[in-house]
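Chains as they are written, first to last, in this note's numbering: chain A, 102 to 524; chain B, 916 to 1076.
Do not take every clue at face value.
[To be verified] Which residues of chain A face chain B? A partial, calculated answer using Cβ under 7 Å: (1) S153; (2) N202; (3) F324; (4) A329; (5) G333; (6) D345; (7) G347; (8) A376; (9) A437; (10) G460; (11) P461.
[What the hints assert, rightly or not] Taking lysine-lysine and the BS3-like style, the derived pairs with C-alpha atoms no more than 30 Å apart in a straight line are: (12) B/K1030 / A/K356; (13) B/K968 / A/K199; (14) B/K968 / A/K204; (15) A/K449 / B/K989; (16) B/K968 / A/K356.
These aren't lab readings, by the way, just hints derived from the structure by calculation.
Cβ coordinates follow ideal geometry from the N, Cα and C atoms, glycine included.
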Amino acid sequence: MNAFQRMNTALMVDESKQIFKVSRQAFVDPDILEAERAQIFDKCWLYLGHSSEIPKPGDFVTRQVGGRTILFARDAKGTLRAMFNTCPHRGAQVCREKRGNAKSFQCFYHGWVFGLDGALRSQPGEASYAPDFKERGTSNMQQVGRFEGYRDFNFICFDRNAVSLDEYLGPVKEYLDVIADQAETGMTIVGGTQEYSMRANWKLLTENSIDGYHALTTHATYFDYLKATNGGLAPVPLDGAAHDLGNGHAVLEYKAPWGRPVAQWIPMWGEDGKAEIDRLYQGLVQRHGEARAKRIALYNRNLFVFPNLVVNDIMAVTIRTYYPLAPDFMNISAWALAPREETDWARKYRLYNFLEFLGPGGFATPDDVEALEQCQRGFRNSAEAQWNDISKGMGKATPSYDDELQMRAFWSNWNRHVFQASA
Amino acid sequence: MQDISRADIEDFLFTEADLLDEWRLPEWLELFTEDAIYYVPSTDVAPDSSPDKNLFYVADDRFRLSERVKRLMKRTAHAEFPHSRTRHLVSNVRIRNRSDDEIEVGSSFITYRTKDGVTDTYFGSHRYRLVAENGRLRIREKRCLLDSEGLRTQGRVSIIL
C-alpha cells in the first residue's frame, strides 16, 4: 500500500484552533498526481482559449489542455470548434502548426483531409473503403465532449456528465463580467505568448497566483523599481478582501498603488496620460454607472478558477494556465488581455506594466519561480517535515487580501476531488 | 564607423560576455548608450516586432535596464541570489549593415546558467546596433532572439542574455 492509499485526506483542519495544514505529500507523490489527473483534470472545466485568438473562419490554434492535444478552430460558418488533434485513421496529430488559417486540415501520414468542422472530406484510395464510409460519421475528427464559453473565455471538459460551465463557474462569472466590461468593443488577446515552465508542483502556482502575503518580501525589488520610476505611484495603499467563490474558485479584490491602463492614473504617466485615463474612466461611467466604473477601474482582481486558470486584472490583465507533467514540473502559458479599442498609448503602458511585473523576464515573476522551486526543494524533507501552514486570517469575518482564505478554498475543494470522489 | 573591423566587434562582444559572466553588471551597463534598448521578444512573434504592440519577455529602455542591473546586484533579487554561474558563448559574428554612424551586427549565442544543481541552456541569435562614442563602441540596441519554444525548460530569464 503506498502513502497515498494510506491517507484519506491531505488536510489537517481545526477551525476552533485556527489550524489549517496541508500535507507536503500532496506536492511530491506520483500517486497523488495520478489521482489529480483522474479526479480533477478529467472532471473539471479547463480553460482552452479566448475567442479573439481565432477571429476569422479558418483560424486555428493548437494547444495542450489537461494532457490532451486540442485543435481550437473557427469553422466556415464562424462556429468555434474544439477537437482532439488526432487522426481518426491511425492517430497522428492532424495539425502540426501552433496557429494559422486553413481551408481544411490534412493529416500528412496517409493524406486524409478534414473540413474546418472536423468532418472527413476525402481520403486517398476511397474506392477501397465501404461505400458509406464517410456518411457513417465515425471517421471524423472527434469533437471534445463538452465545450462551452463565457464572455469569450472558452473551456472544455472531458467528463460528459459534468455540470454546465455556467453552473461550474457560478459567482466567477460576475468577476469575468467586471473584467470583460473594461472594453467597449470586447477584449482581445495581444500578440505574443509567454510560455515557460517551473520545476515545481502545479499547486504551488495556484497558491502563488492568489497570494497577497508574499508581495512585500518576494517582490521587494519590484517595489524598489516602482519607487524609482519618475513621478512614482498613486497614493493608494494595498487594501482589500479575499472571497471564496465556491467549487474551489476564489478571488482577491483590492486597491493598489500601481497604474492601471483601465483606469487608474499614476504621476509617472504625466498629463497626457491623465487625459487618456480620464477619458477611459468617463466612458466606463457612461456605460456602467459611477459605482461599477469605480470597481472596474480602481480595484484589482486576482481571480482563480479551479483547477488551473488564473485571470489577474492588476497592472495589466493576464490569463495564465498551467499543467503538471510530473509532481515537480509544470508548463505555464500566459497571455495579455486588453480592450480591443485601446489606444496605442494605453496598449504600450499595459504591455510594459505586464512585462515589468508578470513575465518570466520581469522584475517579479523570476522571483516567484525561485520561491516555488525552493518550496519544491524543501519538500524533499517531507517525510519528516510534513506540513504546510495556511491558517493566516482564520476566524476573521472578512479575511484580508493578504490572508490565506483563498488557498483554503482551493485546498478544500482539491481534497474533496482527490479523496472523497474516489472513496 | 567605416574603419571598424569584424575583429574589433568580436573583441567588443567577447568583452561584453566576460562582464556578464563575471557579474560586473554596472560596468556592463556602461557599454550602452543613453538611448539604448535591450529586448527579448516572446518566441511566437516576428523578430522585428515592437514591444508597444506585442508581449515580450524583456523590453528595457535605458532606465529599465539600469534598474534591472541595480536589482540583480541586490540580495533581494531572489532568483539570482546567490548569483548563478553563467557562460556566454558568442559565435557567427557578422556585420549585417554599416552606415556613417551605426553598424548592425548579427551573432549567435549559447548561454549556460547553472544554479542549485540545475543547468539551463539559452540559445539563439543577437542583433546589435552599435555606435561609436568618444572613439569606443557602444550598444544602442541589443535584441535577443531565442530559438527555444518559449522558456521551456529554462522557466525564466533572470540573467542577462
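Structure-based check of all given hints:
A distance limit of 7 Å between C-beta atoms decides the matter here; for A/S153 the minimum to chain B is near 14 Å, and the interface restraint is violated. Below 7 Å, beta-carbon pairs count as interface contacts, and A/N202 has none with chain B, the closest being about 15 Å; its hint is therefore violated. Because the smallest distance between the Cβ of A/F324 and any Cβ of chain B comes to about 10 Å, over 7 Å, the interface hint for this residue is violated. For A/A329, the shortest C-beta to C-beta distance to chain B is roughly 6 Å, which falls under 7 Å, so the interface hint holds.
Annotation: interface hint on A/G333 violated; nearest CB of chain B at approximately 14 Å, more than 7 Å. A distance limit of 7 Å between C-beta atoms decides the matter here; for A/D345 the minimum to chain B is near 30 Å, and the interface restraint is violated. Taking 7 Å as the C-beta contact cut-off toward chain B, the hint placing A/G347 at the interface is violated, the least distance being around 32 Å. The interface hint given for A/A376 is broken, as the beta carbon of that residue sits about 19 Å from the closest beta carbon of chain B, more than 7 Å.
Restraint check, A/A437 versus chain B: the minimum CB separation of about 5 Å is within 7 Å; hint holds. Here the hint on A/G460 is kept, as its CB sits about 5 Å from the closest CB of chain B, short of 7 Å. With 7 Å as the threshold, the beta carbon of A/P461 comes within range of chain B, its nearest partner Cβ sitting at about 4 Å, so the hint holds. Pair hint B/K1030 plus A/K356 does not hold up; C-alpha atoms about 37 Å apart against a cutoff of 30 Å.
This hinted pair checks out: B/K968 and A/K199 have alpha carbons roughly 20 Å apart, not beyond 30 Å. Simply put, B/K968 and A/K204 have alpha-carbon atoms about 28 Å apart, close enough for the 30 Å limit, and the pair holds. In summary, the hint linking A/K449 to B/K989 is supported, as the alpha carbons are separated by about 28 Å, within the 30 Å threshold. Simply put, B/K968 and A/K356 have alpha-carbon atoms about 27 Å apart, close enough for the 30 Å limit, and the pair holds.
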